[in-house]
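Chemist: Take these sequences, add in the hints, and give me the full structure.
Residue numbers (the working numbering), protein chains in the order written: chain U, 6 to 274; chain D, -5 to 662; chain V, 14 to 224.
Worth flagging that the hints you see were computed from the coordinates, not collected in a lab. Note that the structure is predicted; figures quoted are calculated from it, not measured. Think of the CB as a built atom: it goes at the ideal place given N, C-alpha and C, for glycine as much as any other residue. Every clue listed holds true.
Which bits of chain D does chain U cover? Going by a derived footprint, with three or more residues having C-beta under 8 Å, they are:
1) 135 to 145
2) 301 to 314
3) 344 to 352
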Amino acid sequence: MDDTTLQVYSVVFVAITVVLVYTARYFQARRWRQRQLDGMKRIPQWITQSIESSRPLHLSFGNAGVGGDNTPVALAEAEFFHQVVRRAESCDMSPVVSLSAPTSLPLGQDVLRRAWLKGGALSRAQWYPPDLAYASAISALMADDEPAAHIMAGSFGAELALMLDSAARRGQPSLAVSDRLDGQAVAFAQADHVLIGEELFAAPGSSSQDGGGHGDAAVLDVWRALIISGATILLMLEFSKRLPLLSWPLVAIGVAILLLLGIFTVWRR
Amino acid sequence: MSEEFNWLDYAEPDEEAPAPSARPGLRRFLPRRPTLPSLPGRPRLPSLPSIPSLPRLPRLRRRAQPALDKPSAADLLSVHEERPLDELDDRLQSLRERAVASSQPEAEARQALYDVDELLAAPEILRKPGGVISAAALSKAQRQQVELLKDIVGAPQAGDASVSRIRLSPPLFSLSAIPRIIGTAVLLLMASLPFVSSDFAEGELPPSEFHEDRHGPTTLYNLLDNLTPADYVLVAFEYGPTAAGELDAIAELFLRHIVAQRAVPLIVSSNPIAIAHAQNIISRVNRSVAFSGESLRHGRDYFILRYLPGGPLGLRELSENFADVARVSYKGTLTGLQFDSLDDVTYVVMIAERAEDMRNWAEQVAPQLDRTPLLAASGYAAAPLAQVYADSMDEIVGLVVGYRDAYTYAEMLEANFAELLRDASELGSGSAEASPAKIDEQPRNEAAQAERPLATAVPPASAIPPPAVAPLPTTTPRPPNTETPTETALPTATATQQMISVVEVTSPRQVRIRRGPTTADDILQLAQAGDMFQIIATNGDGSWYNIALSNGLDGWIAGILVEEKALSMAEFLGGGGEASARLSDERVYLRREWSLSLGKNRPRYYQSNAPITGDIPEYVLMRDRSAEVPRLRAMTLGTLTTVVTIALGNVIFALSALRRRQRNGERK
Amino acid sequence: MGRAGLAGIVAFAVGLTTVLSLLLGNNPALFGDQPGSEELARRLALPGDVLLRLLVIVIALSIVIGIVNLLYIHIGRLTRGKFYSAVLLASFAFTIFWLTVNRGDTSLLEAVQVPIESALAALLFLSLALGGARVMQKRADIWGLLFVAVVLSVLLGSLPLAELAPVRAFSAWLLAVPVSAGARAILLGIALGTIVVGVRAVLGLDRSYRG
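Modeler: So, in structure tokens, the structure goes:
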């Protein structure tokens, strides 16, 4: 595929996404059932604990920053944290937002500013140098501020292990997700709760009461379904070429079984 | 749409709708309240030491006992009318005000906050024996609040003996930490044993040559070994001090390999600390060079270019405006380097700590490279993803991974250069060739050195033709011809009319020259469209040509990518009669050296119009390698212990989970 | 129009300009073989390049904001008697002093930062090893089991022991096929999310534009 073809495909892909985003927003995506993200079950309870015990929540962007290739991660997490912070606004202690990309400092402060107009809250958006220095600073913060829970959603590498280990030792529960594979693996192994892959972007939608957020999550769901079915069909076609045993009727039966399974899953929900 | 959503005014229209599970037929598709999951069962409390319960419950708490429908402290305070408000602490007052404001009218508010049931549900801690205070982990702020609450409700003061027993902060040491401490101690012990005694020689050392199945690293080595003096190599240091332990070795080896052949590394990075660290590696190379006064100098033997801010955007700038980037050094001074584009450097070498760095280089830089290959090395963490890029992109060559490959690389390099040194001394001092060993004993020609670094990357008009068996140089910049030769010169460019068979590369893409006539053989060198090589032989069916290379070696090139031609030697050398005429008043010097770069001891020719002081084996051979073997052994033992720890730990936890489930099943 | 609307419009204009400039610029093939197509393609690339260069400058400057934030927070904490904040501020002052006196010196980096970060990396190894040993404590299900099995196979496969040659082949297959497929699936999901959020940002629908 040459560059021009690739560009044309990109434009078509983005255009379809734009149409989907507006369609979903127009219908407010109310009719679209939100996926339940298992990893987020405990968040309301953490908020309650934070309110009752006057211990802050710790929200972490990691290295997600505006301007780099993980800008959308930073924006999506800002929205997610916004949803969390609004629910925690009756808490005495402002949540702590930490980050290691200085460009997301305004995002962090924005998250706090919307819910916390009390003095001193803005200084609770904290920057530390990236990677291991960040991890060690957060471990120190865990000792000093004793957060009620940690929501680490953003861009993390293996250094996430140090933070999660520290949190576990102090009995502070954690939710973690990263757009980097090493961070994601560590999150799966060590966090109390984990989101995986594009759940990072679905989280704001599933925690928000805003139709727009739901719309974005719905667009993600549509694309996800399209890509999974497309990949499955291509795979079947490939197999049908390789193995003479697999003829068209067999492929059709396979697709039908998959479709039935899909319908059954939706129905179960 | 742009209006701020007012969540307090938000009310779901279908509050009366039946419970989700009861929805029949199409009503399932009607709007539904987006609910966060309901409060799960008892939370797993932190493994803090148990705190003895308070001797008496605070009065506030006891009063609240019957009112469990008002579970939060805010709710409790909102109905707690007995005490005059002005006696309350400011904090409690503000909490009470907020609680009152948000609970009027309560029913509406609960309706408005769609997930309020979860949000303000009775916290589990209330059910904990010992009451609200002991169940939570208490911070300093909380302890102050406990004191405050006790003050308000008239509980015993801190001096009270019964209260002083309460242990509010976790102890320094807890029994639950024992497995952890044992695990850590065992891991540390096993990893440090090989440094103490050589008895713990578990595992094989890495091979002294890359495995024959691994063409990537072999090709990478071969390409770097084919550098000629005054080639420019862009070396990207994409790792910080965190990965120094793992990647310093390979970075240092690359630099030594490059400078030992008189090529010039241009160091660049999108990580500011890596730039400072690169300087330290250069100092390390300098420290290990035996004789004084011959250390690498910035602006002459190497260049450190300015920092590239903005991650992938910085790399984009590097690939599109390389001329600008190369103009300024990390100190902000001008380098005097003039390049047109990134294709003017001979190779781009990238050392990545994270998979993202590999991705950024593969996506932002590699597609902009028409002729120059990108040679990649990475740490173990980045290797799985980096390998995918190395395998799938033609522009990326090889992947040298981690410390083990660095060891192999060092072995190959040292075998090569040690051989070079030995051969040179065997040739004897009476030899006409410039002996590297001899050169090493003399101070180098400073004047020649001073001339070299300012060479532009664009070949000068009087490009020097190669020796008899070489292709036409197309990319290699040459130093200006100003020196009077002092070493013995071999006049080679004698134009003849003898006809020879050559192949000209016709493929528009880069063509790989391999060690043997199959695509499975290692790559020795890359060629561009228009390059010509003299044919030595062909394989059986004529699909591959055996060709002579510029460095005295021979390689194989696929027949479909080239066109066979018959040229006179003069045409082949000079690109036409005119060039051969120009050659007549120039003298070309050929230096012969010996190398073992491909497992065989072969002469190796450098073409030059000025005497070059030769390879400097010190740059390679004076490395301190004393810690390498114990370190490799430690890696093996450490990994083995980790495997055992992980397996053991998980078996224990899996068994205990099974037992727990079994017990729960019995209870039910 | 309020501030929020203006921010949205600016975001939309800048976003669209950059995207179009990147897609259409420097690609004369899009405009056929007409004589002016190359010049047109070059000109179309210009706005995107300018905006991206501006962005690079902003990103480079933002580190200063980060450092100011770090100092501000730790000076605040110092007044509350936090020991580590005092250490941080003292180290900061010392490093500035040292580099002012010895310009261009990197020995502090070599003598302090590299050893400390290497030690942290070693600690990270311990954390990872002990965290790996506790996977089944948190996820005692089939996925946890699968995770541990893959981790153990890959670790065993990386050991240079002759007896483990079959495991090495298996772990190479694991890494090349299932692990690679899973990694691509995760990356694909992230790419999807990136596009949706990117579109939302370019269209000015993101919350950060709403003032």
